[in-house]
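Asker: Listed here are the chains, written in short residue letters.
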Amino acid sequence: MNTYLRYIVLFLSSAVITPLMAQSATTEFSLDNGLKVIVREDHRAPVVVSQLWYKVGSSYEVPGSTGLAHALEHMMFKGSSKLGPGESSRILRELGAEENAFTSDDYTAYYQVLARDRLEVALEMEADRLASLTLPEDEFIREIEVIKEERRMRTDDRPSGLAYERFKALAYPASGYHIPTIGWMHDLDRMTITDLREWHERWYSPNNATLVIVGDVQPDEIKTLVTRYFGKIPARPLPAVKQPLELAEPGQRSITLYLKTQLPSLMMGFNVPSLASTDKPNEVHALRLISALLDGGNSARLPAQLERKQELVAGASAWYNAFSRGDSLFVLSATPNVQKDKTLAQVETGIWQQLKQLQETAPSAAELARVRAQVLASEVYEQDSITSQATQIGQLESVGLSWRVKDSDLAALEAVTPADIQAAAQKFFTATRLTTAYIHPEEARP
Amino acid sequence: MMSLRMLSTGLISAALIFNAGCSTLESAQSTLPAPVEQRISSLAALSKQNPVTRTLDIQEWQTSAGTKVLFMAAPELPMFDLRLTFAAGSSKDQQAYGLASLTNAMLNEGTGTLDAGQIATRFEDLGAEFSSGSYRDMAVVTLRSLSDPKLSTPALELLSQVAAQPSFPANSLARIKNQLLAGFEYQKQNPGQLASLALFEQLYGKHPYAHSSSGNAESVPVITRQQLQNFHRTYYSAENAQIALVGDLTITQAKAISETVSARLPRGTAAAVTAKPIATKASTTHIEFPSTQTHILLAQLAVKRGDPDYPALFLGNQILGGGGFGTRLMEEVREKRGLTYGIYSSFSPMQAPGPFMINVQTRAPLSEATLQLVQELLRDYISNGPTAAELADAKRESLGSFPLSAASNSAIVGQLAAIGFYDMPLTWMSDFMQDLQKLSVADVHAAFKRHLDPEQLVIVTAGPTVAQLPLPEPVERSEQTAPVERQH
Numbered sequence: 001m002n003t004y005l006r007y008i009v010l011f012l013s014s015a016v017i018t019p020l021m022a023q024s025a026t027t028e029f030s031l032d033n034g035l036k037v038i039v040r041e042d043h044r045a046p047v048v049v050s051q052l053w054y055k056v057g058s059s060y061e062v063p064g065s066t067g068l069a070h071a072l073e074h075m076m077f078k079g080s081s082k083l084g085p086g087e088s089s090r091i092l093r094e095l096g097a098e099e100n101a102f103t104s105d106d107y108t109a110y111y112q113v114l115a116r117d118r119l120e121v122a123l124e125m126e127a128d129r130l131a132s133l134t135l136p137e138d139e140f141i142r143e144i145e146v147i148k149e150e151r152r153m154r155t156d157d158r159p160s161g162l163a164y165e166r167f168k169a170l171a172y173p174a175s176g177y178h179i180p181t182i183g184w185m186h187d188l189d190r191m192t193i194t195d196l197r198e199w200h201e202r203w204y205s206p207n208n209a210t211l212v213i214v215g216d217v218q219p220d221e222i223k224t225l226v227t228r229y230f231g232k233i234p235a236r237p238l239p240a241v242k243q244p245l246e247l248a249e250p251g252q253r254s255i256t257l258y259l260k261t262q263l264p265s266l267m268m269g270f271n272v273p274s275l276a277s278t279d280k281p282n283e284v285h286a287l288r289l290i291s292a293l294l295d296g297g298n299s300a301r302l303p304a305q306l307e308r309k310q311e312l313v314a315g316a317s318a319w320y321n322a323f324s325r326g327d328s329l330f331v332l333s334a335t336p337n338v339q340k341d342k343t344l345a346q347v348e349t350g351i352w353q354q355l356k357q358l359q360e361t362a363p364s365a366a367e368l369a370r371v372r373a374q375v376l377a378s379e380v381y382e383q384d385s386i387t388s389q390a391t392q393i394g395q396l397e398s399v400g401l402s403w404r405v406k407d408s409d410l411a412a413l414e415a416v417t418p419a420d421i422q423a424a425a426q427k428f429f430t431a432t433r434l435t436t437a438y439i440h441p442e443e444a445r446p
Numbered sequence: 001m002m003s004l005r006m007l008s009t010g011l012i013s014a015a016l017i018f019n020a021g022c023s024t025l026e027s028a029q030s031t032l033p034a035p036v037e038q039r040i041s042s043l044a045a046l047s048k049q050n051p052v053t054r055t056l057d058i059q060e061w062q063t064s065a066g067t068k069v070l071f072m073a074a075p076e077l078p079m080f081d082l083r084l085t086f087a088a089g090s091s092k093d094q095q096a097y098g099l100a101s102l103t104n105a106m107l108n109e110g111t112g113t114l115d116a117g118q119i120a121t122r123f124e125d126l127g128a129e130f131s132s133g134s135y136r137d138m139a140v141v142t143l144r145s146l147s148d149p150k151l152s153t154p155a156l157e158l159l160s161q162v163a164a165q166p167s168f169p170a171n172s173l174a175r176i177k178n179q180l181l182a183g184f185e186y187q188k189q190n191p192g193q194l195a196s197l198a199l200f201e202q203l204y205g206k207h208p209y210a211h212s213s214s215g216n217a218e219s220v221p222v223i224t225r226q227q228l229q230n231f232h233r234t235y236y237s238a239e240n241a242q243i244a245l246v247g248d249l250t251i252t253q254a255k256a257i258s259e260t261v262s263a264r265l266p267r268g269t270a271a272a273v274t275a276k277p278i279a280t281k282a283s284t285t286h287i288e289f290p291s292t293q294t295h296i297l298l299a300q301l302a303v304k305r306g307d308p309d310y311p312a313l314f315l316g317n318q319i320l321g322g323g324g325f326g327t328r329l330m331e332e333v334r335e336k337r338g339l340t341y342g343i344y345s346s347f348s349p350m351q352a353p354g355p356f357m358i359n360v361q362t363r364a365p366l367s368e369a370t371l372q373l374v375q376e377l378l379r380d381y382i383s384n385g386p387t388a389a390e391l392a393d394a395k396r397e398s399l400g401s402f403p404l405s406a407a408s409n410s411a412i413v414g415q416l417a418a419i420g421f422y423d424m425p426l427t428w429m430s431d432f433m434q435d436l437q438k439l440s441v442a443d444v445h446a447a448f449k450r451h452l453d454p455e456q457l458v459i460v461t462a463g464p465t466v467a468q469l470p471l472p473e474p475v476e477r478s479e480q481t482a483p484v485e486r487q488h
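These protein sequence lines map, in sequence, to chains A and B.
Take 1 as the starting number for the first sequence in our numbering and just add one per residue.
Take 1 as the starting number for the second sequence in our numbering and just add one per residue.
If you are wondering where the hints come from, they were derived from the structure by calculation, not from laboratory data.
Where hints are given, some of them may not hold.
Straight line, CA to CA, 20 Å or less: simulated SDA-like cross-link-like pairs of lysine to any residue [said to hold, decoys possible]:
{"hint": "1", "chain 1": "B", "residue 1": "K188", "chain 2": "A", "residue 2": "D117"}
{"hint": "2", "chain 1": "B", "residue 1": "K177", "chain 2": "A", "residue 2": "Q262"}
{"hint": "3", "chain 1": "B", "residue 1": "K150", "chain 2": "A", "residue 2": "H440"}
{"hint": "4", "chain 1": "B", "residue 1": "K188", "chain 2": "A", "residue 2": "R253"}
{"hint": "5", "chain 1": "A", "residue 1": "K340", "chain 2": "B", "residue 2": "S172"}
{"hint": "6", "chain 1": "A", "residue 1": "K223", "chain 2": "B", "residue 2": "L46"}
{"hint": "7", "chain 1": "B", "residue 1": "K188", "chain 2": "A", "residue 2": "K223"}
{"hint": "8", "chain 1": "A", "residue 1": "K260", "chain 2": "B", "residue 2": "K395"}
{"hint": "9", "chain 1": "A", "residue 1": "K340", "chain 2": "B", "residue 2": "Q95"}
{"hint": "10", "chain 1": "A", "residue 1": "K340", "chain 2": "B", "residue 2": "F184"}
{"hint": "11", "chain 1": "B", "residue 1": "K206", "chain 2": "B", "residue 2": "S41"}
{"hint": "12", "chain 1": "A", "residue 1": "K340", "chain 2": "B", "residue 2": "S41"}
{"hint": "13", "chain 1": "B", "residue 1": "K395", "chain 2": "A", "residue 2": "A444"}
{"hint": "14", "chain 1": "B", "residue 1": "K336", "chain 2": "A", "residue 2": "K223"}
{"hint": "15", "chain 1": "B", "residue 1": "K48", "chain 2": "A", "residue 2": "N33"}
{"hint": "16", "chain 1": "B", "residue 1": "K188", "chain 2": "A", "residue 2": "A444"}
{"hint": "17", "chain 1": "A", "residue 1": "K223", "chain 2": "B", "residue 2": "S41"}
{"hint": "18", "chain 1": "A", "residue 1": "K340", "chain 2": "B", "residue 2": "L173"}
These stretches of chain A come out as covered by chain B in the derived footprint (C-beta under 8 Å, 3 or more residues) [said to hold, decoys possible]:
{"hint": "19", "segment": "45–58"}
{"hint": "20", "segment": "318–328"}
{"hint": "21", "segment": "402–416"}
Here are a few chain B residues that sit away from chain A, every Cβ distance over 10 Å (derived from the structure) [stated by the list, open to error]:
{"hint": "22", "residue": "T121"}
{"hint": "23", "residue": "E259"}
{"hint": "24", "residue": "D393"}
{"hint": "25", "residue": "Q437"}
{"hint": "26", "residue": "A442"}
Quick reminder that beta carbons are idealized off the backbone N, C-alpha and C, glycines included.
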């Protein structure tokens, strides 16, 4: 019954949780056309999630043609050889499935969550839009208006969204990560159906995709079904893909924005590698632990020091994506406690004090043990959701890592010493790697 | 940063759409496509049987302190979820708007012997996740822990202290108030939230659901520590609490846990049920806001939890605008006219009648025309009801989605908490499914006519005043299509 558990947790002392790796019922195979398939069994409930991940996202786009990956994601619902526009969604809805899609810098993914007996329908329709997408022009003309509304809602009318878009454009001077996934409005205005047809032609082939299935299924039955629907789709040559690489130290940059907001805020981002782009993975794991030391829970340093002790910020966060396809960013953001008359300048100083502390003093063993306890527990908690299990696998595969990375992840984190953390803080938290965004209310414009 | 095709507000998201466009129209007319079952072979092969659903073996008992407990063993993962609910939401604020919310947010700020930092450190040392939240009807305290007793025992002990013996330290209270005030400033930059606040005020007048659960910039600063202590003593009592517990525990362990947690709580009585609001009249309110889109909300008071018409209203709403793609509203407003990223309708039954609500946002120059279109669509639906085909599809959808509602511990604990709080039978989920299957077109139509009047809507808009444009022409799709093949 418990064979699909990935970890059995044993308790050793008051602050140490040690995992034992158990057999993980995950099966991997590829079709002759290059489609990679990963199946994880989870027999708790008679349901299944199917996710098809394409290795293409907004970081593959070029200036003038931003927003293509996301726009194509919308158009994937507008018909294929066996289906009219919107028909697949109608069918899935009648079957009681939950379905959607998402696009990021590094990937575009489509998913269905449904009762296990309906999986075959989802696979047949997913294969059809990979092989023979219709892309009708009149549907596109209407859908691009929907996408512009999405942009207005998420970015243009949302100060935090707008600020992050401008911050990111500055923080990534060399790589495609400066492109906003939704696309610049002026590029949405001039996008054509031909652009999208070329995009689908170029990137949507079985040898550029990973199918992840998690749930109450057997690998053998999945192999039969996937071969039936995807097996005949021919592989196609793919364009040479270059990993998004950044300048290690692009130089200190800043942007000042006056937006429709009542509260000022601050974002700081340091150019750093990811697990996929580094040749020193230990440094990347150190950065992950730093992120957790700063913001891994209510006892972490930013809430404990800046929010509660100093009452400098109304809120602060640290964020680092170690699992991107190319060079990444270590981001800190904060809003000053204006009720205590704190300013952006004071918050900036306060954050720098936290970073300097990491550079000057290695964290205690107890603090690190707490961070690891949380990481370990969250590995168990994540297994409560078949969707989050599938997403973790699909994301790792799509950025050029293996889903097996997670199996050695705890050991990798255990191997990071307090001195490694100090060294990583010294190496990466430098002005030459830093982009700062100062966000002020419109009323404060000089 | 991710960008989704759609923000899904419900369990089910999908799209009923009709046909293709100009380029394919001729071929569609000359050669009508085969029925979908002939085009999608796996659909034809799919059994018409209902899908299998996980059997939920729910146990119910009462602790010696008088707390109702709902428990389901789920031994597959070495973890459990505990959810404590109290009838201690903002409907109990009286004139101190935000009191319930502030009391809830202060629980983990101190216990007399531990301060906020020590509480957080202890939970996190154990890998346990504590959270709390406060809404109109209820306040919630949750713990997610690994099930090894060496970890879970101290985590549960701490949870008990936090829920039962908060000390409400004055310095924390001042800080949390400041954070709430910052939150109110954030609200001012969000036209959707401003519209929602105004809508509830219009809908509920002097009723305790009228004000925001967070309170406001005038009410929060004057709330005292004494008020928090009184509120806690009155509403966080064992008799006013329910426990939902799901995970890797035996029934013996579950009984011991619930006994311990409830025994520490103050003793008192179950709170009185929130009174019924007075029906409100039609109104239109505009909030001027310098955004590119206008947010539009339309609402009316509808039903409470347990209303016998709720199954009919739920099913009818799935057709009108519930869930996502394929609803009439999504079809007409997004798919045919490209006016919005999303339009949704919902019933929110609470202890007292909750609202029926439609929300949509569109570019400002089309806001008036969009509002008129939505009103026409609603008027038509209430006058004529759903079609038989729409009803059959919605029933099939609800059956198919049922297994998804019990796929994870977190989904199940949420359902148990709602069943416990609203005093519903343990079989509520399957009863509800069966009720849906029995409904006729006439039942749904009659329920909508009974509860909604399209001329009595409370309407709130938030956006800029700009010159208005007419609606774009809709693109009509025929029922089915024969799409043009594109070879790769």
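Asker: Now tell me if each hint is right for this structure.
Answerer: A quick look at each hint next to the structure:
1. K188/B x D117/A: The given pair, whose Cα atoms are some 48 Å apart, is violated under the 20 Å limit.
2. K177/B x Q262/A: Satisfied, since the Cα-Cα distance of roughly 17 Å is no more than 20 Å.
3. K150/B x H440/A: This hinted pair is violated, its Cα atoms lying about 49 Å apart.
4. K188/B x R253/A: Violated, at roughly 30 Å.
5. K340/A x S172/B: This hinted pair holds, its Cα atoms lying about 14 Å apart.
6. K223/A x L46/B: holds (19 Å)
7. K188/B x K223/A: Status violated; Cα separation ~53 Å.
8. K260/A x K395/B: violated (45 Å)
9. K340/A x Q95/B: Judged against 20 Å, a Cα distance of about 27 Å means the pair is violated.
10. K340/A x F184/B: At roughly 16 Å apart (the allowed maximum being 20 Å), F184/B and K340/A satisfy the hint.
11. K206/B x S41/B: violated (58 Å)
12. K340/A x S41/B: Cα-Cα ~66 Å, so violated.
13. K395/B x A444/A: Violated, at about 55 Å.
14. K336/B x K223/A: This hinted pair is violated, its Cα atoms lying about 39 Å apart.
15. K48/B x N33/A: violated (34 Å)
16. K188/B x A444/A: Roughly 16 Å separates the two Cα atoms, so the pair holds.
17. K223/A x S41/B: Status holds; Cα separation ~18 Å.
18. K340/A x L173/B: holds (14 Å)
19. 45–58: holds (count 3)
20. 318–328: This one is violated; 0 residues, fewer than the three required, reach chain B with a Cβ under 8 Å.
21. 402–416: violated (count 0)
22. T121: For T121/B, whose nearest Cβ neighbour in chain A is about 4 Å away, the distance does not exceed 10 Å, so it is violated.
23. E259: It holds; E259/B is separated from chain A by about 23 Å at its closest Cβ, greater than 10 Å.
24. D393: About 5 Å separates D393/B from the closest Cβ of chain A, which leaves it inside 10 Å; violated.
25. Q437: holds (13 Å)
26. A442: holds (22 Å)
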